[in-house]
Amino acid sequence: MRALSIASTGMLAQQTNVEVIANNLANMNTTGFKQQRSEFQDLLYQNVMTPGAQTSDQGTFAPNGIQIGAGVKTAATYRVTTQGDLTSTSNPYDVAIQGPGYFRIQQSDGTDGYTRAGNFSLSPQGQLVTQDGMLVQPGIAIPANTITVQINAQGQVNATVAGNATPQTVGQLELTRFPNEAGLNAIGGNILLETAASGSPQAGVPGSPGYGTVQQGFLETSNVNSVDEITSLITAQRAYEMNSKVITAADQMLQQTSQMAA
Amino acid sequence: MDNSLLVSLSQQLAAYRSMDVIANNLANISTPGFKRESAKFEEYITRVAPSEGQTGMQSVSFVKDAGVSRDLSQGNVQTTGAPFDFAINGNGYFVVQTPQGMRYTRDGHFTLDANGQVVNSDGYALQGDSGAITITPADTNVHVGQDGIISSTVNGLASQIGKLQVVDFANERTLVKEGANLYSTSQTPTTAANATIGQGMLESSNVQSVLEISHMIEVMRAYQATASLSQSQEDMIRQAVTRLGATPN
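Taken in sequence, the protein lines are chains U and V.
The first sequence maps to residues 2 to 263 in the working numbering.
The second sequence maps to residues 225 to 473 in the working numbering.
Simulated from the structure, these hints should not be mistaken for laboratory data.
It is possible that part of the hints are untrue.
Claimed, not checked - Here are a few chain V residues that face chain U, going by a calculated C-beta distance under 8 Å:
1. Ala239
2. Tyr240
3. Asp244
4. Asp289
5. Gly305
6. Ala306
7. His333
8. Thr335
9. Asp337
10. Ala362
11. Asn379
12. Arg397
13. Ser433
14. Tyr447
15. Ala451
Model, not experiment: these values are computed from the prediction.
We put the CB at the ideal spot given by N, CA and C, even for glycine.
The whole structure should be built from the sequences, with the hints applied where relevant.
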């Protein structure tokens, strides 16, 4: 009986759906987190009678055909890359991106990673680093006796050093864009990696055409909408339940069948 | 074997088929653009020799598959906010280029690939009026109008990228489902006349859970009724054998 296996594909798909929703809700307060959604596709069809099959020599055709589906599969889980809200933190090294783009950081193995989480700090050497101590690229070093740091919307980093009233430029933040940012590979720790699907990175100065601007003293919150997620959770749970009901019904039919022979 | 058992058998097979179709509908309740299906059956009549006490040929009717029909009604439209999620309101299909040729779909979830082409989850290119649609990094604020016209802002100036191809068919019901939310057909597509596009939205499946569950219960009960009918038929035969076959002492 096919209904059993079809309903089990439905339950599996809804399970994935709930897992994705759970991850979104768990990351509601993760800086720069992007909401994920699961995308489903129907599985192959068994053609018992193809639609439009000829039913007589007089040229009459079956209007419908008989195609029996095999269930559903998860085609993809994709990130919805809409802008998250900006929240004020007053921390001079918190930088939010308003608009498209990612910060480029150097991972511990020397390769590039990309992130929208701009909650930076200083390393013991005075370099701008992420919360995991990875260097922000291109490297920016803040002089030791700095009083204030100003980062403007175009990403220019100016430091006012003790004994000198004129701020000096100590670095320039860069943003990176990808042809397909949904194709980036998330590896955890708010870091995304380049893939064949994302296309090659294109670096640019914040505020130039196509790139977002940066905002000092702000963080980008996750773009997860709790009402949305809870509604999806309810829908997914009910759909899971209904698929399990199909299994129960199919099971009862099979039971009846085996009892007939008693 | 007795005809009544065979008639019951045909009904039970039909119930299995119905169950499969219902299971597939419920499994695809979250599949965008999915259209619910229902199994249709027809009567098949045969003539049999009259049984004891009857005259003339008797007719016995079996049930057989007639087809699976698709409910083409519009699914609910859900807002996703993703710039390349499109929902078709009205009749029509998106066109995607697959290695097997053009395929049609109502699943409007697309993304960009590494070359900036608009593709579906399997990487097949969505077709505009002049082939695949490419969004360059310079294009910002990509906007798709109700008529399917794709425009963007390049360096502060409005620029037109193309127009989504939305097609319709003379006979939508004969489109063959290919899986992966795609349809194929040998019909020649025509430009859809009454379709509007919604950007940042997806059409959900038009499966209605209440309808499917109640239909499922109905099928299950019908199956149980037939099963108990077969059971009583079998009992009758058994009794006949024991009574008539009992040796008088």
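Hint check results:
A hinted interface residue such as Ala239 (chain V) counts as satisfied when its beta carbon comes closer than 8 Å to some beta carbon of chain U; here the least separation is about 7 Å, so the hint holds. Because the beta carbon of Tyr240 (chain V) sits about 6 Å from the nearest beta carbon in chain U, less than 8 Å, this interface hint is met. The beta carbon of Asp244 (chain V) is positioned within 8 Å of a beta carbon in chain U (closest approach about 4 Å), and the interface hint is therefore held. Hint on Asp289 (chain V) holds. Least Cβ distance to chain U is approximately 6 Å, under the 8 Å limit.
Among the interface hints, the one on Gly305 (chain V) holds; its C-beta lies about 5 Å from the nearest C-beta in chain U, closer than the 8 Å criterion. At its closest, the beta carbon of Ala306 (chain V) sits 5 Å from a beta carbon of chain U; the interface hint therefore holds under the 8 Å criterion. The restraint placing His333 (chain V) at the interface with chain U holds, with a minimum CB-CB distance near 5 Å, inside the 8 Å limit. At a threshold of 8 Å, the smallest CB-CB gap from Thr335 (chain V) to chain U is about 5 Å, leaving the interface hint in force.
Using the Cβ-Cβ criterion of 8 Å, the hint placing Asp337 (chain V) at the interface with chain U is satisfied: the shortest such distance is roughly 6 Å. Because the smallest distance between the Cβ of Ala362 (chain V) and any Cβ of chain U comes to about 6 Å, under 8 Å, the interface hint for this residue holds. Proximity of Asn379 (chain V) to chain U holds as hinted, the smallest CB-CB distance being about 5 Å (cut-off 8 Å). At a threshold of 8 Å, the smallest CB-CB gap from Arg397 (chain V) to chain U is about 6 Å, leaving the interface hint in force.
Satisfaction of the interface hint for Ser433 (chain V) is found here, the shortest Cβ-Cβ separation to chain U being roughly 5 Å, below the 8 Å cut-off. About 5 Å separates the beta-carbon of Tyr447 (chain V) from the nearest beta-carbon of chain U, less than 8 Å, and the hint is met. Interface restraint check for Ala451 (chain V): the shortest CB-CB distance to chain U comes to about 4 Å, inside 8 Å, so the restraint holds.
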